[in-house]
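*Asks:* Each chain is listed here by its residues.
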Amino acid sequence: MSLTTNPRTIDNPNRTVSQGGRPRPRPTLRDRYGDRVFNIAATAVLLLSILAVVYPLYFIVIASISDPNAVYEGKVWLFPSGVTTEGYERIFADSRIWNGLGNTVIYTVLGTAISVSTILCGAYALSRKDMPGRKILMLLFVITMFFDGGLITKYLVVRDLGMLDTVWAVVLPGAVGVWNLIIARSFFEHTIPNELREAAQMDGATDFKFFFRMVLPLSKPLIMLMIMVHVVAHWNSFFDALIFLNDDSKYPLQLVLRNILIQSDVSSTGTTGGDIESYAAAQRIAELTKYAMIVVSSLPLMIALPFMQKHFTKGAMIGAVK
Amino acid sequence: MSRTIPARRGRPSAAPLPQRKISLSLRMKRISRAWQLYVLLAPAIVYILVFKYWPMYGVQIAFKNYNPVDGFTDSPWVGLTHFIRFVNSYQFGQVVGNTLWIAVLGLLVAFPIPIILALLVNQLQSERFKKFTQTVLYSPAFISTVVVVGIMFVVLSPRSGLVNNAIQLSGGEPIFFMGSAEWFRPIYVISDVWQNAGFSMIVYLAALAGIDPALHDAAKVDGASKLQRIRHIDLPGIMPVVTVLFILAIGNLLNVGFEKALLMQTPLNLSSSEIIQTYVYHAGLQQAQFSYSAAIGLFNSLLNLALLLFFNTVARRANQATLW
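Line order of the protein sequences matches chains A and B. Counting from 27, one number per residue, gives the positions in the first sequence under the numbering used here. Counting from 27, one number per residue, gives the positions in the second sequence under the numbering used here.
Since the hints were derived computationally from the structure, they do not count as laboratory data. Take the hints with a grain of salt, since some may be wrong.
[Claimed, not checked] Residues from chain A that face chain B, not an exhaustive set, calculated with beta carbons under 10 Å:
id: 1; residue: Val97
id: 2; residue: Leu166
id: 3; residue: Ile218
id: 4; residue: Lys246
Where a beta carbon is used, it is the ideal one built from N, C-alpha and C, also for glycine.
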């Protein structure tokens with residue numbers, strides 16, 4: 027990382043700036059020194075931040091494959107010790123995890139499909155300046171960003187609809203985020219030229235036809251972004267399931283994780299009781315399982331992250347411009 | 027500072043077009059011609075009517091004694107009874123205090139850090155290191171709240187946790203972090219920074235990328251140091267974004283982090299972890315006091331709205347970018 031503080035990269039007057047391609051003017055001596063100190067400090071701060079983010083995660087990974095006794099005694103710092111896969115074996119043998127994973131997949135696929143299609147269709151209509159009543163309709167959405175019925179009335183509405191303990195309680199109440207709707211609308215406003223629509227209309231295309239045949243194929247980056255936002259949100263959400271679902275065979279993965287990780291519900295991980303020693307051993311195994319569980323549940327998104335990053339960065343920019 | 031750049035980038039104020047009276051029949055014709063657009067919009071409209079406006083209509087139960095038979099509309103009115111009961115309850119001071127503590131602490135600590143990180147990352151010269159830093163700092167945002175709190179519980183565990191092992195190694199006594207009221211707030215805020223600072227940084231980086239490089243070049247010719255350029259070019263350049271995000275953060279001040287606070291709660295740290303929203307959850311959904319907890323929820327929303335309006339006005343006075 028000494029690259030940034032290497033005097034040659036700073037001093038060389040012919041070094042081109044990456045964005046502009048202009049030659050960098052020669053700095054004065056005083057500033058060169060000050061900037062060098064700044065560079066060192068900035069790099070140090072960022073390296074420390076990276077360490078602070080990465081080390082806990084790294085520790086979880088090595089602890090998940092280490093002998094639980096070594097972790098317990100604080101012998102695991104930089105490398106795993108006494109490698110074991112028992113934690114992972116226990117997870118894969120735990121039917122709650124599999125059941126939760128299956129539920130999460132169902133909720134994620136269904137929820138994402140509902141949310142993304144509703145948002146895309148709605149946002150396109152709202153992006154059309156020639157739609158009468160557009161401003162009032164938009165206001166209807168924006169108001170809900172500032173006023174909220176609150177948790178209790180939301181619960182009562184879902185109950186009155188008879189949705190408690192059904193899939194719909196997990197996928198519908200949060201389906202359309204107004205913020206996402208605004209992002210999608212401004213994407214359509216900026217990328218679909220009016221002339222295109224007029225030309226299509228000349229050729230006899232209806233609004234439906236134009237939307238499905240022209241707009242959607244032109245909006246792939248937006249669709250990707252929306253899909254990812256919702257997949258991540260559904261994969262990670264637990265609260266709607268917590269309040270709307272009682273039947274634990276319907277619990278999504280995150281709720282199962284909460285019960286095991288946070289509420290230390292070890293009932294079905296096989297603590298058969300007995301003497302204190304075997305209880306302590308079971309406790310340690312339970313801890314080991316927790317580490318492994320954190321790894322397993324976060325891994326899918328972490329693997330997908332490099333692929334998703336580009337889209338999320340773009341989304342942040344659309345949001346920032348708006 | 028706001029003088030150097032136009033804070034409000036509004037369109038040039040064109041004179042309003044003279045409103046022509048449109049005949050009713052013409053208007054109906056326009057509406058009927060756009061029917062397909064309304065069909066596209068319909069699912070979203072139905073959604074907000076059912077899941078946003080119906081609950082909003084139901085907020086009246088805060089002033090009523092809700093019972094399931096009579097529903098939102100026909101339950102008997104009781105006026106401000108529930109509000110008075112909440113204000114007089116022994117938990118009121120504690121719950122409101124805890125909420126404000128977390129909110130203000132979160133804002134003071136968690137809001138500036140992404141800005142500082144973005145300014146530093148923006149100054150990095152190696153593009154690869156820049157990208158790498160960005161990716162790493164931003165990855166925890168994809169870990170679920172449940173797992174982040176799960177990580178806290180294992181890493182801070184008094185018996186086998188990483189942190190307590192380190193404390194014992196240096197000769198200290200192990201601390202039961204998750205079971206102590208004093209540690210709740212620091213852990214809450216630190217974990218918030220750990221998880222979200224990198225993600226929030228992205229918006230500021232996008233804003234920084236939009237700053238005209240010519241400004242930096244000119245300043246360099248004049249011999250400005252990096253620190254000076256950050257202070258006089260970068261910071262004013264992202265100020266509009268900072269203001270808008272700050273107001274948005276204020277607007278959400280009392281709503282964010284409810285899920286995490288709920289997950290972090292243990293019987294032992296309740297005296298600092300019980301915030302308005304978790305109290306609503308406990309009183310409303312676990313003890314079925316629907317009207318009482320709806321009143322508390324409404325109290326929370328109104329407090330929030332008041333804060334938002336207040337800070338938006340302050341921002342307008344200061345001639346900064348505003349939400350509206």
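*Asks:* Can we keep the leucine 166 (chain A) interface hint, with Cβ of chain B closer than 10 Å?
*Replies:* holds (7 Å)
*Asks:* May I ask you to test the interface hint for isoleucine 218 (chain A) with respect to chain B, counting a Cβ-Cβ separation under 10 Å as satisfied?
*Replies:* The hint is violated - isoleucine 218 (chain A) has no Cβ within 10 Å of chain B, the shortest such distance being about 13 Å.
*Asks:* When the nearest CB of chain B is found for lysine 246 (chain A), is that gap smaller than 10 Å?
*Replies:* At 19 Å from the nearest chain B Cβ, lysine 246 (chain A) fails the 10 Å test, so the hint is violated.
*Asks:* Report holds or violated for the interface hint on valine 97 (chain A), using the least CB-CB distance to chain B and a cut-off of 10 Å.
*Replies:* Cβ of valine 97 (chain A) sits 6 Å from chain B, so the hint holds.
The structure shown violates the earlier hints numbered 3, 4.
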